[in-house]
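This is what each chain is made of:
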Amino acid sequence: MSASPNIVAPARNRIRLRRSWAWCQQNANIVIGGFLIGLIVLAAILAPWIAGADPYAQNLANTLQPPSWEHPFGTDDNGRDIFARVIYGAQISLLEVFLSVGIATAVGVPLGIIAGMTGRMVDHVIMWIMDVLFAFPGIVLAILIVSILGPSLFNLMIAIALFAIPVYARLSRNITLGLKSMEFIEAAIALGVPQWRILVHYILRNSVGPIIVQSTLTAGTVILTAASLSFLGLGAQPPIPEWGAMMSQGRNYLGVNIWMSLFPGLAIMITVLGFNILGDGLRDLLDPRK
Amino acid sequence: MQGYILRKLISLPLILIGVSLLVFISIRMLPGEPARVMAGPEATQEAVDAMTVRLGLHRSIPEQYATFAISALQGDFGESIRSRLPVWDEIAQRLPYTLALAVTSYILAIAVGVPAGMLAAIYRNRPPDYIVMVFAIAGASIANFWMALLAMNYFSVHLGWLPLLGANSWQSYILPSVTLAVLPMAVIARMTRSSMIEVLSQDYIRTARAKGLPVSKVYWSHALRNALIPIVTIVGLNFGGLIGGAVVTETVFNWPGIGRLMVDAVRYRDYPVIQGVTMVAVFGVVVINFAAEMIIAALNPRIRFD
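Same order as they appear, the protein sequences are chains A and B. The first sequence begins at 1 in the UniProt record's numbering and counts up by one. The second sequence begins at 1 in the UniProt record's numbering and counts up by one.
Please keep in mind that the hints were generated in silico from the structure rather than gathered at the bench. Treat each hint with caution, since some may be false.
Straight-line alpha carbon distances no greater than 20 Å define the calculated SDA-like cross-link-like pairs of lysine to any residue that follow [claimed, not checked]:
id : chain 1 : residue 1 : chain 2 : residue 2
1  : A       : K180      : A       : R205
2  : B       : K8        : A       : D131
3  : B       : K8        : A       : K180
4  : B       : K8        : B       : L299
5  : B       : K8        : A       : R205
6  : B       : K8        : A       : W128
7  : B       : K211      : B       : V199
Label pairs and their computed distance ranges (CB to CB) [stated by the list, open to error]:
id : chain 1 : residue 1 : chain 2 : residue 2 : range
8  : A       : L286      : B       : I10       : 52 to 62 Å
9  : B       : Q74       : A       : P194      : 30 to 40 Å
10 : A       : E70       : B       : V48       : 34 to 44 Å
11 : A       : P194      : B       : P41       : 34 to 44 Å
12 : B       : P41       : A       : R197      : 20 to 30 Å
13 : B       : W161      : A       : A57       : 55 to 65 Å
Note that CB positions come from ideal geometry on N, CA and C, so glycine has one too.
Just need the whole structure built from these sequences, with the hints factored in.
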C-alpha cells in the first residue's frame, strides 16, 4: 500500500491527460477560439513589452517602409511602427468589446427579465422599444447616434451598445418565460420567497450560460462594427491605434504601401474569428440537446 | 396563420411609429439649439428663425412630432443643408445605385452560397465540407472594407483590370458586389448546409434514392426544395445587414448610393439628410422583413409562430 502513490500518480496523470485530450478533441472549437482570443488578450496585456516601439512616435524620415527586421510590419505615413500600433490596437478592440457588451448586458438583461416576469403592458412596452431598436440596421443606428453625440471612441461604444441591447433583452425574456413556468420557481413563489430573490438567485443565475455564449458571439460583431465606423471616420480618431482607423489611413496609400491596411485587417480577422469559433464551441457545449 | 398575419399587420405600423419617434427625438437631442445646427454653421439669425418656423420648433412637442411624421409619410424630409436640394430628391437619385448593388450582391451570394452549402452537406465530414466551412467561417469574420482595400490594391491598382472607384460601367459593379456578397454568402452556405443535412436524413429522401431517381434530381429537386425555407428566412431577414454593409462598401468604392450619402451627411452635419436616409433605410428593411415573414408563412403553414 505504501508504495502505491508513486506507482499510481503517473498513471493517474496519464488518465487525466487522456481525458483532457479527449475533451479538447470533442470541443475543438473552444480550444481553437480560446487560443486565438488568448493570443489577442496576451498581446493587449503585454503590449508595452512586446510592441518594441512607441505606437505614437513619429519618424518622418522613415515613412511608408515595407516590413523589415527593425519594423516587422513596416511603417505608416507618419513613420510610426505598424507592428506596435497593431499590438496596442488589441487593447482598444478589447476595450470596445468589454464596454459595449458590458453596457448592452447591464441594460438589456434586466429589461428582458422585467418584461418576462411582469408580462402584460410592461412586457409589451419594453418589447416594442426593443423591436424598434432591432429594426435598425446596426451600422445605421450607430451612425445616427454618433452623428448626434459626435465622433469619438467612447460615443462609438455607446452607439454599438445601444444596438446590442435588444439582443440581450430578447434572450433574457425568453429564458425568463421558460423558467417562470418551471416547478422550482412556482414552489419558490408559493413559499413566499421575495421577488428580487427569485430574480437574482433563480432567473439570473440560470441565464448566465446563454448570456456568456451570446456575448462571445456579439463580441465579433462589436469589433467589426467598431472598425467599420472608425474606418468611416466616425469612431476612434487619429492618432489612436484603432485597427479600423489605421486602415482608413492606409486607404490613401493603395499601390504604395499595402501594409498599412493589410496587418490591421488581419488582426481584426483573427480576433473576430476567435470570438466566432469560441462562441460556436460554447453554444455546442452548453446546448442541452447535445 | 390568420392570427399571425393580423398580429404582424398590427405590429408593423407600431414599429414604424417607434422608428420615426426615435429619429425625431434623436435630432432634438442635438447639443445646442436644433434650428441653429440644422440651418448650418454660417446661418444668419433670420435663417435660424426661418428654420425654427420650418421645423415647427415653436409649437408643442406632440404637434412637432405629428408634423414630422406626416411630412415623412409624404416623403418630405426637408432640404439638405449642403446642397439646398430637397432631401427626397437626393435620396431618389441615389437609391437605385444602392438597390442595384444590393440585388447584385444577393444574387451572387445565393448563386455561390447555396451550391457550396449543398456540397458541404452531401460530403459531410469530408474534405469538400471542411473547405466550404473554413471559407464560410472566415467569410463571416472578415471586415468587408479590408477585403475591398486588398481587392482594389490588386485588381485595380496593380493589374488595372477593374475600375478603382465610382459606378460608371458594368465592370464597376464587380468589386463592390463581390465584397458586399461575402458575408451573406458565408451565412447562406452555413444555413444551407445545416438545413440540407437535416433534410437528407429524412425518409422520403431515402425512398427517392431507393426507387432509383437520379442523384442530381434527389438533391436539387427533392432535398433543396425542402431546405429552402431556412434559406429564404436568412435572405429576407438579413437585408438590414446588407444595407449596413452597403454603407461601408459604398464609401470605400465612392459608390453614389444612399450609404455614402449618409456618411457624407454626418461629416457635414447635414441633419435633414441623416434623418431622411435613416428613415428610408429602416422603413425599407422593416417592410422587406415583413414581406419575408409572409413568404415564409405561405411556404410553410406548419411553422409555429409564437
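Hints, one by one, checked against the model:
Of the supplied pair hints, the one linking K180(A) and R205(A) holds, its CA atoms being roughly 13 Å apart against a limit of 20 Å. A distance of roughly 12 Å separates the Cα atoms of K8(B) and D131(A); the hinted pair therefore holds under the 20 Å criterion. Distance hint between K8(B) and K180(A) is unfulfilled; the C-alpha atoms sit about 26 Å from each other, more than 20 Å. With a C-alpha separation of about 17 Å, the suggested pairing of K8(B) with L299(B) holds against the 20 Å cut-off.
The hinted pair formed by K8(B) and R205(A) fails the criterion: a straight-line CA distance of about 33 Å is larger than 20 Å. Between K8(B) and W128(A) the CA atoms are separated by roughly 13 Å; this keeps the pair inside 20 Å, and the hint holds. For a cut-off of 20 Å, the pair hint linking K211(B) to V199(B) stands: about 18 Å separates their Cα positions. A hinted range of 52 to 62 Å is violated for the C-beta pair L286(A) and I10(B), which are about 36 Å apart.
Under the hint 30 to 40 Å, the C-beta atoms of Q74(B) and P194(A), about 53 Å apart, miss the expected range. Under the hint 34 to 44 Å, the C-beta atoms of E70(A) and V48(B), about 56 Å apart, miss the expected range. For P194(A) and P41(B), the Cβ-Cβ distance of about 56 Å falls outside the hinted range of 34 to 44 Å, so the restraint is violated. For the pair P41(B) and R197(A), the supplied restraint of 20 to 30 Å is violated, since their beta-carbon distance comes to about 56 Å.
As the Cβ distance of W161(B) to A57(A) is approximately 39 Å, the hint placing it in 55 to 65 Å is violated.
In terms of the numbered hints stated before, the structure departs from hints 3, 5, 8, 9, 10, 11, 12, 13, listed from lowest to highest.
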